[in-house]
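Going line by line, the protein sequences match chains A and B.
For any residue, its number in the numbering used here is found by taking its place in the first sequence, counting from 1, and adding 3.
For any residue, its number in the numbering used here is found by taking its place in the second sequence, counting from 1, and adding 4.
It should be emphasised that the hints constitute simulated quantities derived from the structure, not laboratory data.
Think of the CB as a built atom: it goes at the ideal place given N, C-alpha and C, for glycine as much as any other residue.
Take these hints with a grain of salt, some might be off.
[To be verified] Just the calculated beta-carbon pair ranges, DEER-fashion:
1) 20(B) - 33(A): 39 to 49 Å
2) 6(A) - 34(B): 21 to 31 Å
3) 20(B) - 30(A): 22 to 32 Å
4) 70(B) - 17(A): 19 to 29 Å
5) 70(B) - 103(A): 17 to 27 Å
6) 81(B) - 83(A): 18 to 28 Å
7) 30(B) - 83(A): 33 to 43 Å
8) 97(B) - 62(A): 42 to 52 Å
9) 48(B) - 11(A): 17 to 27 Å
10) 97(B) - 56(A): 18 to 28 Å
11) 84(A) - 18(B): 43 to 53 Å
12) 79(A) - 97(B): 23 to 33 Å
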Amino acid sequence: DTGVSQNPRHKITKRGQNVTFRCDPISEHNRLYWYRQTLGQGPEFLTYFQNEAQLEKSRLLSDRFSAERPKGSFSTLEIQRTEQGDSAMYLCASSSSGEGSPLHFGNGTRLTVT
Amino acid sequence: SQQGEEDPQALSIQEGENATMNCSYKTSINNLQWYRQNSGRGLVHLILIRSNEREKHSGRLRVTLDTSKKSSSLLITASRAADTASYFCAPRMDSSYKLIFGSGTRLLVRP
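Go ahead and model the full structure; you've got the sequences and the hints to work with.
The following block contains the structure:
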């Protein structure tokens, strides 16, 4: 169990650019989640995958955001035409399917949009 | 709302003292989980308590659950400076696969 891995750890981009983050979950976990967290707040749910299927997408996620999980393994989160309000920590988590299964979080990707 | 609300928002104690954090929620739940987050890191799962349990212990952690009041508490005994972190509760509804987090309690343990 090597834990959930997120890359890059930090990303600085200019407004209007596209960015893509990657998450490698724990290998046997079939559930994968993306959250966004701003300073002083708790993580906000963005989207959820069961294997390769994206089963829920938060209304917080505008059309500029897209997430994929091809083959039910790693996942990517892309933000197009970034805005300063997108600056945040983007957290990925994975879990198994059991009702009591805890979420295992990565250490996040911190995005700064200048 | 599935979200838990933690109270207090911030707590400052001296090393060796006990820290108590509270969580309230609004829906019926299957279980409730507590997580810790150190600055700049991801959340770490601490403990899970099921709806049919009233109290659970793990090391220096003690969690209680009162489903009639829709509330939970997390007690950290004999606190250490390393316990300085934000703590989040996450109630899980019966049919839900996701966890919704509140703003957390920021705990500062002074050496």
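Status of the hints after comparison with the structure:
no.	hint	in the structure
1	20(B) - 33(A): 39 to 49 Å	holds, 43 Å
2	6(A) - 34(B): 21 to 31 Å	holds, 26 Å
3	20(B) - 30(A): 22 to 32 Å	violated, 41 Å
4	70(B) - 17(A): 19 to 29 Å	violated, 50 Å
5	70(B) - 103(A): 17 to 27 Å	holds, 19 Å
6	81(B) - 83(A): 18 to 28 Å	violated, 49 Å
7	30(B) - 83(A): 33 to 43 Å	holds, 36 Å
8	97(B) - 62(A): 42 to 52 Å	violated, 18 Å
9	48(B) - 11(A): 17 to 27 Å	holds, 21 Å
10	97(B) - 56(A): 18 to 28 Å	holds, 20 Å
11	84(A) - 18(B): 43 to 53 Å	holds, 49 Å
12	79(A) - 97(B): 23 to 33 Å	holds, 29 Å
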